[in-house]
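Visitor: My request is simple: use the sequences and hints to build the entire structure.
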Amino acid sequence: MSDTTATQPANIGIATEDEVIIGLEIHCQLDTTTKLFCGCSTDYRDDPPNTHVCPVCLGLPGSLPRVNRKAVEYALRVGKALNCEIATEAEFSRKNYFYPDLDKGFQITQYDKPIAVKGYLDIEGDEGEKRVRITRVHMEEDPGRLVHKGGTDRPKYTLVDYNRAGIPLIEIVTEPDLRSPKEARKFLNKLRATLEYLGVFDSEKEGSLRVDANISIQPKGWFEREGRGKADRGRVEIKNISSYKGVEKALTFEITRQKNLIRRGQKLETATRHFVEGRGVTTSSRSKEMEQDYRYFPEPDLRPVRVRDWAAEIALPELPDARRARFMEQYGCSPNHARTLTGELRLAEFYEKVADIDTMLAATWIADTLLGELNYRDLSIVVVPPEQFREVLILLKEGSITDKSGVEVLRVLLDQLKETGACEGPRVCVDRLGLGVIVAAPTLSGEDPVVKAAKEAIAEQPQAVADYRAGRKEALNFLVGQVMKKTRGCAKPADVNTILTDLLEEG
Amino acid sequence: MPAVTFSPDDRYNAFITTLDQAETGPGRLSGIAVAVKDNISTRGIRTTCASRILDGYIPPYDAHVVTLLRQEGAAIVGKTNMDEFGMGTTTENSAYGPTLNPSDPSRVPGGSSGGSAAAVASGMVRMALGTDTGGSIRCPASFCGIVGLKPTYGRVSRYGLIAYANSLEQIGPMAQNVEDVSLLMEVLSTHDPRDSTSISCPYRHTPDPTVTGLKIGVPEEFFGEGVDPRVAAVVWEAISRLEGEGAEIVTCRMPSMVFALAAYYVTCTSEASSNLARFDGVRYGPPADTKRPWHESFQERRREGFGTEVRRRIMLGTFALSSGYYGKYYAKAQAARQQVRNDFVRLFRTVDVIAGPTMPTVAFRLGEKTDPLSMYLSDILTVPANLAGVPAISVPCGTSEGLPVGLQVMGQWFRDEKVIDVAAAYEQGVSA
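For the record, the sequence lines run as chains A and B.
Residue 1124 in my numbering is what sits at position 280 of the first sequence, and the numbering runs on without skipping anything.
Residue 330 in my numbering is what sits at position 112 of the second sequence, and the numbering runs on without skipping anything.
Worth flagging that the hints you see were computed from the coordinates, not collected in a lab.
Keep in mind that a hint or two might mislead.
[Claimed, not checked] Computed cross-link-like contacts, SDA-like style, restricted to lysine to any residue with a CA-CA straight-line distance of at most 25 angstroms:
(1) B:K509 to A:V1004
(2) B:K509 to A:F1194
(3) A:K993 to B:T415
(4) B:K550 to A:L1146
(5) A:K914 to B:T415
(6) B:K550 to A:Q1136
(7) B:K509 to A:L990
(8) B:K509 to A:R989
(9) A:K957 to B:W512
(10) B:K546 to A:Y1140
(11) A:K914 to B:A553
(12) B:K550 to A:Y1140
(13) A:K1000 to B:T415
(14) A:K993 to B:E514
(15) B:K546 to A:E935
[Unchecked claim] Simulated DEER-style distance windows between Cβ atoms:
(16) A:L1223 to B:D507: 39 to 49 angstroms
(17) A:L1223 to B:K509: 44 to 54 angstroms
(18) A:E1193 to B:Q289: 42 to 52 angstroms
(19) A:D956 to B:R529: 26 to 36 angstroms
(20) A:P1229 to B:P420: 31 to 41 angstroms
(21) B:G545 to A:R1150: 23 to 33 angstroms
(22) B:Y543 to A:M1172: 50 to 60 angstroms
(23) A:D887 to B:R529: 34 to 44 angstroms
(24) B:R564 to A:P892: 54 to 64 angstroms
(25) A:D887 to B:K509: 55 to 65 angstroms
By construction, the Cβ of each residue, glycine as well, lies at the ideal position given by its N, Cα and C atoms.
Guide: What follows is the structure in structure tokens.
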């Protein structure tokens, strides 16, 4: 963009001379079987409150933490996958603050000796491939959970559930390298995929990911010149975003809010705001009236963990970028299909379970059709039994159903899955609904259902026939549509086309 | 299950809780009445840390050392009085009233394990567990005229010990003689994976009272300013006696003593300010007022539930860890601590053990120490061992003004056996 474009119409999102600066702090629960500092099970989600607890995770006087080595190993996988420098020794520290969900009055976390620093993750940014720098990755324990009774605005009383206390978390902090809510979303998707490929994270679990986002609007180029801090316009930290969609929504809302403030010439205070998921807005949070002083100091009950040598021994599995390249190479997927299919671990695995039928057919049907139908129903790929989908692909490949019928079959099966968690076999479905392909006879026999339908259409649509004969060939498409309708999509469009042309040429 | 009947005349207020029937079983401590300091968790027996803030708290689990005592058949007959959360040198800072010194009830028993020391000194129990963060086993052992060992840091599991200052404190044995201290130490010292600072180095030892050729370092600083000359004389006499038994006395210097006390108080108050944060009225003690905002109710619970000395130390520690002061205080204290360790490393290149008085004076009168600072100063001879993590024992070595005086022997890391041997040598030399 050249200097002469400095003035722009006011109706575009951000004046050209400004840019959005976004940095993220992501908390992910590591998918270990036991908690970070004790042997309690992490599988608490459907269980009564305070049933996955022991003296350690309740912070009972005298109990001592003990590091879960599996959690450290998981964090090391993340550090390596994010191309970080791994610390020689990682040290745990205490973060001291009072809150009812914090049973020890401090959180065991990492402060000046985190497990990994200075990494990056490549994403597909707004302007092509983009490298987002990772500041640090550190480990910490999840606090308990507060349950407000009698309304969230003015609860009558609050209960504490410590089942979640001590669940291992990693906090991943990015540099402020993201430039739009969409990029932030893309980053999160890529991060999620990476964590899932590593086998350390389960995004299906409720509350397994929480994001704090720092956002500000600065004069373009200012950030690169000045760096962080100094006399910039205020920066807002949005806390409490617990969904992927929420991040994009919260940031979009916040940009509008800040932009309006700037336009009115008001000063933007550096502040913390809360995202209210239900309303899609951020609200000012008054809890930060005083600057918190967490009084970090090294956790005296734990010894530093030597991690660099350990990390060197850890082999990483295939990560999304590598899998994407392989899908293109091995299955001949298009770049877009490959990106979509490898964007989620379970999707990629699903594809590989059915790809043997026909790699291109499978890619197209999963990426272009199945995903959309799943999203529409708010379903995840995990609900789809691969063997049933295989059968749909087989039906399509052998020509037993048309594409249109294929979509219809998928919709019926997904509706059944959403309702009952199970579905009938695709062949059963095709037979039951009479969706099998109608094979047209090689001759224009009046007995043939397709020929019959074509003749009907010609009889019913004299205008279209006249148009066609007058040389307006697009009128044929209209007639094809009529025939498809009459055969409920079960005729092959190519057959219909030939039959219509033959009949029109004859008559 | 056989039981030991326990119905003591607790005229010194040594106990906070007693059990009139205490279970016993087979083992090395079978039938022996053992008292446990009330900051060590005992399943089903209230554990108060001598604080109101833990009113009504009954631990659902046993500390590792309590499990070990039970395994060896010991009868845990009661929980002993102490300075609240271990913060004190007199056992006067207790919500359950002060403990008196059995050798002179107008005097304090020392602290913070004063209840355990008084219970042993008065003969109510044969052995007791104490805890030592900056001298809390050795000081009362010295003041009450019994033997008390602070083991090497890491040699006894802290699992279940309600933390005061995690990086400094150890649980240790207290008894009338070195042999019993050694026996109890054998039971206590096993590796415990639940304590990440626990080291696998079991103590299996029979005291060997031979000191021929042993080099005993005596730092000048242990006989310097603030040490009562009468106490110093008694201790020198004791050290000379060891020389008579064949040991070689080497005078030396411990320059780090200059900042040891400051390093100690910054470290222990910092850790304490964090450790004690969990007592907010949500889970322990009288319930918080749920009608009020939580932070107000937390403040009130903590103001009412903690005693003066505990509040003072929480405030000191909070200050020392504050941003802007961390570098000046906590970080400096850790650097000073390293100097103390270095001093020990250097000295142990040439000597086997280091000896001096345990306390600069004999037991104070009840209520005598009103100024916190002068109280803190009396810990000067005991804190170096905690800062460095080395083993240290106090063994009675005579009297001054008719009150017991303790000889302190400090050894190299994981050579608790050696300090036991030297203490045994002194003890047997005296009785011979």
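Visitor: Run every hint past the structure and note whether it holds.
Guide: Consistency of the hints with the structure:
no. : hint                                  : result
1   : B:K509 to A:V1004                     : holds, 16 angstroms
2   : B:K509 to A:F1194                     : violated, 53 angstroms
3   : A:K993 to B:T415                      : violated, 41 angstroms
4   : B:K550 to A:L1146                     : holds, 21 angstroms
5   : A:K914 to B:T415                      : holds, 20 angstroms
6   : B:K550 to A:Q1136                     : holds, 23 angstroms
7   : B:K509 to A:L990                      : holds, 16 angstroms
8   : B:K509 to A:R989                      : holds, 20 angstroms
9   : A:K957 to B:W512                      : violated, 33 angstroms
10  : B:K546 to A:Y1140                     : holds, 14 angstroms
11  : A:K914 to B:A553                      : violated, 33 angstroms
12  : B:K550 to A:Y1140                     : holds, 15 angstroms
13  : A:K1000 to B:T415                     : violated, 44 angstroms
14  : A:K993 to B:E514                      : holds, 20 angstroms
15  : B:K546 to A:E935                      : holds, 21 angstroms
16  : A:L1223 to B:D507: 39 to 49 angstroms : holds, 48 angstroms
17  : A:L1223 to B:K509: 44 to 54 angstroms : holds, 46 angstroms
18  : A:E1193 to B:Q289: 42 to 52 angstroms : holds, 51 angstroms
19  : A:D956 to B:R529: 26 to 36 angstroms  : holds, 29 angstroms
20  : A:P1229 to B:P420: 31 to 41 angstroms : violated, 57 angstroms
21  : B:G545 to A:R1150: 23 to 33 angstroms : holds, 26 angstroms
22  : B:Y543 to A:M1172: 50 to 60 angstroms : holds, 58 angstroms
23  : A:D887 to B:R529: 34 to 44 angstroms  : holds, 42 angstroms
24  : B:R564 to A:P892: 54 to 64 angstroms  : holds, 58 angstroms
25  : A:D887 to B:K509: 55 to 65 angstroms  : violated, 36 angstroms
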